[in-house]
Structures are given as C-alpha cells and as structure tokens.
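For this one, chain A is given, so just place chain B on it according to the hints.
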Amino acid sequence: MTFIRSMVPAHQKSHCPTCGARDSMGGCEDPKKCIEDLERREDVCLSKIRDLVDDHPDSHPFHLMMAGFDAFDLLNLGLAVTDASGRLLLANRTTERILEMRDGLQLTPRGVLQGSVLSCPGLMDALEQAANASLSEESKTNDLALAVQRPSGRRPLTLFVRSAEGLSEDGSPPTTAALVFILDPELPVEADAGELGQLYGFTVAETRLANLLMQGKSLEDCCAELGIRRPTACSHLRQLFKKTHVQRQSQLVSLLLKSIGLMSRKAAARKAPAAAVLLSSSRTKAQRDARFSRSLHSSGRRQ
Amino acid sequence: MTGFDALDLLNIGFIVTNLAGRVLLANTTAEKILEAQDGLRLTSEGTLSTSPGCNSPSMESILKGKPGVKQAVIALSRPSGKRPLTLLVRSAEVAPSDYPEPARILVFVLDPESPTAREPELRQLYGLTSAETRLANLLMEGKTLEECCDMLGIRRSTAKMHLRNVFTKTDVQRQGELVALLFNSTGTVRARNGDQRSGWKHWPFGETPDAESSP
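Residue numbers (numbering that gives the first Met the number 0), protein chains in the order written: chain A, 0 to 302; chain B, 0 to 214.
A portion of the hints provided could be inaccurate.
What the hints assert, rightly or not - Heads up, simulated DSBU-like pairs for lysine-lysine below, C-alpha to C-alpha not over 35 Å straight-line:
id, chain 1, residue 1, chain 2, residue 2
1, A, K241, B, K159
2, B, K168, B, K142
3, B, K142, A, K241
Said to hold, decoys possible - Under 10 Å between C-beta atoms, here's a sample of chain B residues computed to sit facing chain A:
id, residue
4, L6
5, L8
6, V68
7, A71
8, V72
9, R89
10, S113
11, T115
12, R117
13, R122
14, G152
15, I153
16, E176
17, V178
18, F182
19, T187
Unchecked claim - To give an idea of the interface, some chain B residues facing chain A are shown, with a C-beta separation under 8 Å as derived from the structure:
id, residue
20, C148
21, K159
22, R163
23, A179
24, L180
Quick caveat, the hints were computed from the structure, so don't treat them as lab data.
Just so you know, these numbers come straight off a predicted model, no measurement behind them.
Here a beta-carbon is modelled for each residue, glycine too, at the ideal position from N, C-alpha and C.
Just chain A, with the same shape it has in the complex:
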C-alpha cells in the first residue's frame, strides 16, 4: 500500500517494518506473524482513509491538494513538478504565465522545462538531481536556490528546487519528482486600501505611500510618483509610523512586507480563474481528473 510504504524512509526498507530484522541477517524469526502484524496495521490505516473519505467528503486528499495549488496561484507563486529529464508533469497557472512570457524560462516542444541559453546553466542538473534523489530525510533538506537570468533585463526569476514524491499511477510504487517553486521578483507588492485599512487603519493616501515604500522606493520617488509635496509625504509617513508603532522607515518597510506584503503580490494580468493543470499531454480535463483520482485512490487500496 502506497500510503504506508511512503512513510517508511528509504534507508529502512530492507528492514522488516514489524520486527526490525534485516534481510541480510536472515530475515524475520517468525515471518508469518510479521505479515499478520503488517496486515493488521495496514487495515487500521485503510479504515482510517475510508472513514475519512466517506465521512468527510470535504477533506478528500484530492480536494485538499487542489486547494494547495489554488493557494499558490492566489499568492502569485509558480509551482511546477518535473521528472528527472525535466519534463513538466504539473504546473499551476502562475507557472504557465511565466512560461508564456518565454523570458528566461520556457518549455521545449517536447515539454521539457528549460532555461533560455545562458540564463540558467544549472537548471537541468538541479532537476535531475532532485528527481533522482531518494526520499530519505537527508536528501529532503537539500533545497537548491537558482537565479534564472532574463533576456529582457528584468530581475532574475528565483527558482527553488526540492525532491518530492511524484504522482504514482495505479499500482506503481511511489516515484520521486522535482518540485520547482518559481518567484518573479518583478511582480509588484500591492496591498489594497481595504486590506491595509483593516489591518492598521491606514487611509487611502497612506496606503498608496505604504505600497510604494514596500516596493523599495525612496521618499523622493514616492513624492514624484504620487504627485505630492515632501511635507505631505512626511506627514503621511509620521502617521504610518504611529499606526504601526515603529520608529524608522526601514522598520516600517520590513514590518509591512512581513505582515502583508508577502501575500499581496499582484499579477500583471489575470486571465482565467486559477487552477492546477496538467501540461504533460493533450489529455482532456476529464481524463486528467480521472488520473488524479486514480493516483490518489491507489494510495487507499491494497496493491
């Protein structure tokens, strides 16, 4: 059963999960008892999964995973999954939008995630390494951060690559895949007046100033952009200090970014509603759904 197997770290797989005997040392003393124990444990786990799916249809793993992909789109963060050869298996809308721009990161006709020439020489290796790593605890800590240069001269994309458990087809053992997390530093941080109003009681004018400061602008730049005079900007700034209980501009910027900026990055243009999509083939949506459900259900069924 995939569920239990995935919880046993790779380096322990040559041990009997029940009595702990090693294959090389002659195996279990009483294999029959161990098998019975294991089956009992699997049954408990299975019945838990069944209860979960039957009693709480709203907590079905499939729906929760979709909620996870939604979350990344809501935050304007790109999320992609590739195999060892860099072939894209899964991507959210934000990733699609980044790929469509073909600025630094793109998809080859065969569906391989690739950096433009010279933009990120280490990407292929990083994906291969992550997807081939065994899912032991040690390799999980080896995240890799990469900067992908962009031909347009915009700030490089930030990529984080990590090993993850792949999507398993019916009956196949769990595979590893490379999980890629894509950040576009050029997306502006822009909390709306309502949000900053609810959080700190900022006025509309104060919100405008706060947003520009979060984008790293100096007070002079802010004055020019907002068309206000310096004394006006200073009085807004004093209000911002007072309402957030800080003493200095650098403290204000850090606090605003940490308390709201990280989740209010605005996409350049929003198209269709966000959702996870499979790009690896021309499957229809129904087929995709079926495949997803199957891979999830296989984790609840004995093989």
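Just chain B now, kept in the frame of chain A:
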C-alpha cells in the same frame, strides 16, 4: 504528495477549513503558529479559534465573513504582546477552481515576528559571502547600518564595504530597494534547516496540537 510537499515550502501559514471552522489541512508554518497558541489556536474539537483574552473578533465571525466581501484581512492580537498575526481569509465561494468540490475556507497567516533567516538561499542566488549574508539578513529585519555594526561586531567601514558588494551582486542602488528585492525573491520560502518533521498534517490522522503539547 506533491501538493503538500509544495505547501511545506511556504513561509506563509496556510490552513484549509470547512465552513464550520474545522481544520482540514495546515502546512508546517501554520502548524507552528497553532502550536505556539499565541493569537491563534486549535480547539480540542479541531476547530480554529482565537486565543482567549484577546480583543479579536471571534473566529466564527471571521470565517463567516461579511456578505459581498470575498477576502478579508484581520489583525489578531496576541496574549504575548508580540506584533499581531495577519490573517487573510478567503471565503469558499470565490476560491477559484475548475473542480467540483465542497465549500471550504482558505486561511493565510503571516507572523510579522518570525525571523527571516535566508543564509543558504542568498548565497546560492546572488553569490553573497557569509558576512554579506548576515548583513543582508539584518537589513531585512529593518535594522539600520549602525545597529548591524553593533550586532555583528564589525566597524562601520567594513559594513559599508559589505553593503557596496551586496548592492553590486544584487544589482540595486539603495538600501530600501535591496530590502524589497530580498523579500520579493526569497521571502515567501521557508528555510528548511534540518527540519525533520513532515511538512503537512492531515488533521483527522494526526494528533491535534492541544493533545501534543499537553504533558
């Protein structure tokens, strides 16, 4: 599962609840915030709740939202006196998805007091040295150059030299611009330094934090 592994990467707490406020999913960042029981906590029934004694609105009214408001931002004050948690609540009806699914609520949580340790990431991304990374981290926390000198035990001229190098390597001109860039390029990612815990918890399986933290 990939979707959950990915959530583990977020430095932003992410919680999914059903309409009654029962927690269905929480990523590691959210789990830590819940375990601290400082502003936000989990009841023994597994529902999300605000800490008692705080003048925050009740979680029920927060999750219910106001009619016509698709997304609400709430500051949750904390018994410890730390800066309030930011809660971004997205009601179920507007959580966009192609898939037919039961109603649920997405909750994002930010803790303004959580440290921004990004040392390996900054070294890999921009080729900063250890000394430059330490300085950059303090600047992200809103410290002035003078405070950085005190905390790192270095002289002002040394700090200025590090800062110039950081500016060159990240291609920025000013300190404010640097801080914004560092947050934009690394801020949403959670450092995973030797953290061996599973990245997500499917609450019906695991113990609730209440049960875990009681001796």
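Hints numbered earlier in the text: which of these fail when held up against the supplied structure? As far as the earlier hints go, 14, 15, 20, 21, 22 are violated by this structure, in ascending order.
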